[in-house]
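Q: With the hints as extra help, turn the sequences into a complete structure.
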Amino acid sequence: VLGYAMERPGQPPLYGEHRVAAPGVSIGRFGKLFNDWLAPMLRMHRPALVVYEAAILPGKQDMHAAERLIGLGVLAATISEMTGIPARKAGNSEVCKFFTGHGNHGGRDDKKIAVIRECHLRGWRPQGDNAADALATLCWAQHTYGGKIDSGPLFRPEP
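Note that our numbering has the sequence shown beginning at 1, numbered continuously upward.
Be careful, since some hints might not be right.
[Stated by the list, open to error] The calculated DSBU-like cross-link candidates involving lysine-lysine, where the alpha carbons are at most 30 Å apart (straight line), are:
#1 K112 / K32
#2 K112 / K97
#3 K111 / K89
#4 K112 / K89
#5 K89 / K32
#6 K111 / K97
[As the list claims (entries may be wrong)] Simulated DEER-style distance windows between Cβ atoms:
#7 R43 / G16: 13 to 23 Å
#8 G16 / I113: 18 to 28 Å
#9 R125 / E81: 29 to 39 Å
#10 G146 / H64: 19 to 29 Å
These are calculated hints, taken from the structure and not from any lab test. Where is the CB? At the ideal position from N, CA and C, for every residue including glycine.
A: This is the structure in structure tokens:
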């Protein structure tokens, strides 16, 4: 499941979560399904920039999950390039520090709670932590790349 968020000038951001594939699909099928979702999103919304969150690979991750986490970033940058849209990678701690005021909340669960809480303070009701992370990344991208921009689909991949 990945989260996405996109600025819509004069309106609240468009955000949500998307399941790329059922668990256990081949890496090739996973990549194709991600392309089948992201490429039309980019063609429909024509963002000025795509920002994706850097993969976090904790020591417990297996190779199956690591391939998908790293692969999503590579595919996002590739699909963006193929549609003529620049892509940038965002660091997780940097985004979290910007959005919540702290880069480290003592653990993954505490960080997710803090990001969701900040979303609620801004009037957003993300359906899960992936959408909340995407909203945080959107805010960071707006700040980092010069105010209000149409930042396009932003996502945080999960294994």
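Q: Each hint should be assessed against the structure and marked as holding or not.
A: Against the structure, the hints come out as follows:
Between K112 and K32 the CA atoms are separated by roughly 29 Å; this keeps the pair inside 30 Å, and the hint holds. Our distance criterion of 30 Å between C-alpha atoms is met by K112 and K97, whose separation comes to about 12 Å. Pair hint K111 plus K89 holds up; C-alpha atoms about 20 Å apart against a cutoff of 30 Å. Only pairs whose Cα atoms come within 30 Å are accepted, and K112 paired with K89 is accepted, the gap being roughly 20 Å.
With a CA separation close to 21 Å, the supplied pair K89 and K32 stays within the 30 Å bound. A hinted pair counts as satisfied when its Cα atoms are at most 30 Å apart, and K111 with K97 qualifies at roughly 10 Å. Distance hint check: the CB atoms of R43 and G16 are about 18 Å apart, consistent with the given range 13 to 23 Å. About 20 Å separates the C-beta atoms of G16 and I113, a value consistent with the hinted range of 18 to 28 Å.
Separation of R125 from E81 is about 33 Å and conforms to the stated range, judged on CB atoms against 29 to 39 Å. Separation of G146 from H64 is about 38 Å and departs from the stated range, judged on CB atoms against 19 to 29 Å.
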